[in-house]
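Asks: Spelled out, the chains give:
Protein chains: 2
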Amino acid sequence: MESNTASTDDQRYQVRKLEITDKNKGFMELLQQLTVCNSITDDEFQTRFEELKSYGDDHVICVIEDVKLCKIVATGSVFIEKKFIRSCGKVGHIEDVVVDSGARGMQLGKKVAGFLVDHARLTGCYKVILDCSEDNRAFYEKCGFKQKEIQMVKYFI
Amino acid sequence: MESNTASTDDQRYQVRKLEITDKNKGFMELLQQLTVCNSITDDEFQTRFEELKSYGDDHVICVIEDVKLCKIVATGSVFIEKKFIRSCGKVGHIEDVVVDSGARGMQLGKKVAGFLVDHARLTGCYKVILDCSEDNRAFYEKCGFKQKEIQMVKYFI
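Protein sequences appear in the order of chains U and F.
Take -7 as the starting number for the first sequence in my numbering and just add one per residue.
Take -7 as the starting number for the second sequence in my numbering and just add one per residue.
Each hint should be verified, as a subset may be incorrect.
Copies of the same chain look alike in the list, so a pair counts if it works inside one copy or between any two.
Here are the computed lysine-lysine pairs in the DSS-like style, where the Cα-Cα straight-line distance is at most 27 Å [unchecked claim]:
no.: 1; residue 1: 9; residue 2: 82
no.: 2; residue 1: 75; residue 2: 45
no.: 3; residue 1: 9; residue 2: 60
no.: 4; residue 1: 102; residue 2: 63
no.: 5; residue 1: 17; residue 2: 75
no.: 6; residue 1: 140; residue 2: 103
no.: 7; residue 1: 138; residue 2: 74
no.: 8; residue 1: 102; residue 2: 138
no.: 9; residue 1: 103; residue 2: 9
no.: 10; residue 1: 17; residue 2: 82
Honestly, the hints are just simulated from the structure, not real lab data.
Construct the entire structure; sequences and hints are all you get.
Replies: Right, here's the structure in full:
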């Protein structure tokens, strides 16, 4: 029975890259659960979507769609920074990970993090980093991360 | 006298963007004071330099040259991340800030940070962030930053 449930979940919750039609599947409303995220027009969404898409593998947004509800229930992004250090090494930066409040407890966050980490590894990064609150430390430790430094911020607005 | 000294320093320590000839002025050796940074060939340097230059204002490396010694004595980079949150907002990420051990105590680190922060502000970012050790917290607080989150890392090699 257990494996059937897992299989059913895999069919219901599809992990993939962001598509332009995801704006109509609640992608922006999901981001609103993360932080300040005003609604934007379809044109604004399309412009940013195409801009990010032009970066190819250097900027990827992962989503999980609940195909039963046609709804995006989890997301996260990773972009690849190119450096001179570490023999012109690359670093993956994970940002904006969020799981819908109605879809917690199904390991969807772990799936998103795994997708982004795998992407960073496959594009040749020597490490992947992210900033999170103390509250989320345990979650990322379960995903194989360790705390290293502190994050400093300066706001302009 | 004091203003003359300041003026002389301004002439001696020139703040500008990285140029391709900076490899011959100790740019890579300076980065070696920051972290693991193997030497790279001129071709490898040129390839990465041109790749980063193609990003225009979205990736900028600041250097300070001691024009008396023809030597790069401080550097730091900032890249601009484009998001969907905050009305398709942008965030500046500061990385790889280092001052030559023989050129400390002259506020060169503050000048580099100021250059990078100004760049992020002028390109329309709503905030600028960086990760640093506890030891460097006080320095960045003097530059107007505040601690917000913690940095998590996962190494692949």
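Asks: When the hints from earlier in the document are held up against this structure, which numbers fail?
Replies: none
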